[in-house]
Amino acid sequence: MNFLNQALLILALPLVVWWPLRRVMPLVLSQILCGIAIGPSVLGHLAPTAFAQIFPSGTLGALGGISSLAVVCVGFIAGMELDIDELRHQARHVVRTGLASFAIPALGGAAFAGWALTQWPALAGAHATQGAFIAAGAICFGVTALPVLVAILRELDLLGTAMGRVALSLAAINDMLLWVGLAGLMLVISHKTQTLGNWWWVLVLLLLTLVATLFAIRPKVSAWLADLDAGKELSTARFTLVLIGLLACAIITDTLGLHAVIGAFVAGVLMPKALRPRITQLAGPFSNALLLPFFFVSAGLSLDITAGPVWPFFIASVVIGSALKIISTAVPARAWGWRWAQALQLGALMQSRGLMEIIVLRVLYDAGVISQSCLSALMLMALVCTGLAMPLARWLDRQSAAPATAATIANLPAAR
1 MNFLNQALLI LALPLVVWWP LRRVMPLVLS QILCGIAIGP SVLGHLAPTA FAQIFPSGTL
61 GALGGISSLA VVCVGFIAGM ELDIDELRHQ ARHVVRTGLA SFAIPALGGA AFAGWALTQW
121 PALAGAHATQ GAFIAAGAIC FGVTALPVLV AILRELDLLG TAMGRVALSL AAINDMLLWV
181 GLAGLMLVIS HKTQTLGNWW WVLVLLLLTL VATLFAIRPK VSAWLADLDA GKELSTARFT
241 LVLIGLLACA IITDTLGLHA VIGAFVAGVL MPKALRPRIT QLAGPFSNAL LLPFFFVSAG
301 LSLDITAGPV WPFFIASVVI GSALKIISTA VPARAWGWRW AQALQLGALM QSRGLMEIIV
361 LRVLYDAGVI SQSCLSALML MALVCTGLAM PLARWLDRQS AAPATAATIA NLPAAR
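The UniProt record's numbering puts the sequence shown at residues 1 to 416.
Be careful, since some hints might not be right.
[Unchecked claim] In silico SDA-like links for lysine to any residue, alpha-carbon gap of 25 Å or less:
1. Lys273 x Ala223
2. Lys273 x Ile320
3. Lys220 x Leu270
4. Lys273 x Ala248
5. Lys273 x Arg339
6. Lys273 x Ile252
7. Lys220 x Ser169
8. Lys220 x Gln281
9. Lys220 x Phe239
10. Lys273 x Ser169
11. Lys273 x Val24
12. Lys273 x Gly257
13. Lys220 x Leu208
14. Lys220 x Ser235
15. Lys273 x Phe239
16. Lys273 x Gly387
17. Lys273 x Pro312
18. Lys273 x Asp304
Don't read these hints as lab results, they were simulated from the structure.
Computed from a predicted structure; not experimentally measured.
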């Protein structure tokens, strides 16, 4: 099968599967499931001849290249969606809950990862130390996928409600902590896998790059793009400049051993705020509709449910990860004065892991921190947690004596 036939299958299959199920799952979850289904663990196991015909070895390089672009675009858009100024103005109880909803699952994930490593040493990757694996567990258990959460809130008609606004604020805080933690972990382990010398020099080079970008390059780019504020369209030349900056940041961090997605995220954060909606309007649909399905197929090709201790680790991860995420969000929300059903609904929404979890897992797998069996188990965990988020949140919404829209941020207790 040639590449165009592969592309048609990769793009069409998730849409066909999602359409009759659109009330219970977002499209991105269908893309992930289909990517895994046509990979070696499902199609390759059930119909190896058909799998070999669909994905001959000579075409895998093209899939890998497109999936790399998808990861870079997702990191870039995630950076643009992070509004640090808005987070500064959040009520203190929202910020505290956001910190708790990441820190408690992260601590629990670190403890669980340390224990799991003693039980199943095959979970560790080729370059993993005990500390790196434990830190990876903390990051993976703390993840909430902001893009998937937006899709779920849209399907539940919660985007304009207080429930939706609080959930997005908590997810943004989780996202910020996730990227900081991932960058820190990659920085620490990079000196073992790259040739630029001591990792302190990597840190210095990274900081110099950030300073140069923030104070030298960003103002010039902003000035060149300033007329967009007057309502002019983003021209091809200007959009190309944005893409050049994105790829340059990704290449720099990849060269420093920190993975390209870190640089893409930084590029998104550094984008002038006034330009972000225009850029997202152009890059978002292209990335979500065309690039991401290839990434999910590429991730599915790395999934092997027969590798090592996948199933016991997967089951334990689902139970522990879901419980920690829901409890760490619901208990503080209940303390604000929300009903238990609403607080638990918020916790259910926060376990939307999906896309970001899989990207983090790919980064950790490529860095040799986790093994293929660990990648497979945690990828399945991300799918189950994300798949449960929407129906569980919908059910809890019905259990509430008042709809979720009745809860408003204004009537919450004032921050002390």
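Item to complete: Kindly indicate which numbered hints from before are broken by the structure, ordering the numbers from low to high.
Response: 2, 5, 7, 11, 12, 16, 17, 18
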